[in-house]
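Peer 1: Using the sequences and the hints, build the whole thing.
Protein sequence lines, in the order shown, are assigned to chains P and E.
Taking the numbering used here, the leading residue of the first sequence gets 1, the next gets one more, and so forth.
Taking the numbering used here, the leading residue of the second sequence gets 1, the next gets one more, and so forth.
Some clues are possibly wrong.
[What the hints assert, rightly or not] Pair by pair, the computed Cβ-Cβ distance ranges are:
1. E:119 x P:120: 50 to 60 Å
2. E:38 x P:7: 49 to 59 Å
3. P:16 x E:31: 14 to 24 Å
4. P:115 x E:51: 24 to 34 Å
5. P:23 x E:50: 16 to 26 Å
6. P:20 x E:34: 22 to 32 Å
[What the hints assert, rightly or not] Quick partial rundown of chain E residues pointing at chain P, CB under 7 Å, derived from the structure:
7. 23
8. 24
9. 54
10. 56
11. 89
12. 92
13. 94
14. 117
[Said to hold, decoys possible] Sample of chain E residues with no beta-carbon within 12 Å of chain P, all distances over it, derived:
15. 35
16. 55
17. 69
Keep in mind the hints are simulated off the structure, nothing from the lab.
Glycine residues also receive a C-beta, built at the ideal position from the N, C-alpha and C atoms.
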Amino acid sequence: MITEVRKVRLDLHSQDQLSIARRTVQEWATDLGFGSLERTKLVTAASEIGRNTLVHGKGGDMTIAELSRDGVAGLALEFQDSGPGIADIAQAMTDGFTTAKSMGLGLGGAKRLVNEFAVQSEPGRGTRVNLIQWKRR
Amino acid sequence: MDRIPILKLQDYLLVTIQVELHDQLAITLQDDLTRQLSVSHARGVLIDISALEIVDSFIGRTLAHIAAMARIMDAHTVIVGMRPAVAITLVELGMSLTGIKTALNVDKGMDLLLALNTQAGHP
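Peer 2: As structure tokens, then:
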């Protein structure tokens, strides 16, 4: 059974707010005793997806939740924007696909860094990305 | 505006990133370094990232840009002090940082820069 221990919602409308979001993920992961590799991967994934929310989604928010599944701690992040959305999620997940002259590693790369990853989007209806990192026993 | 200090030591530019490198700060560093390279005629750039908790694709790309621009301006770039967790994460993210030279610490990075310039015939 998964229970939610605590939850906070943070705005993502500026670089400063993205920094705060990154730092919050870092702090919560440190508090939960995540190992340095799983913490670094989670914060990096949050940075990639948070930047997408800011740049492609024209801003939105991030909700961070501490989870407990049979005594194992985890962190769940949800990024939500009301931007233009993604027409072809499979294509957007492909390494090298980019609409912003970047390297196109954001979505697909972030997926590889966390335990669970899901994208929901429709053109004109924004994008929601959910990811979870469980603490290794 | 925030900026990261660039120190000139003989023929080299030294940068130690001690703060969280947000996107604008990274771009400012890239611009400042390019300008410093043209005024100082430095032969190499040493960037210490040991304090960086994460290097995401944007920061990685900016570091690669810095190295590429420095190369065009006849200088080598060595990145030192990357944390093991950061290195593993970069590889899983799909960033290989091709063209960037790395060393474990400042000492080894400096040795590498000196060696690269000796090879190139600059004592």
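Peer 1: Does the structure break any of the earlier hints, and which numbers would those be?
Peer 2: The structure conflicts with hints 14, 16, although it agrees with all the remaining ones.
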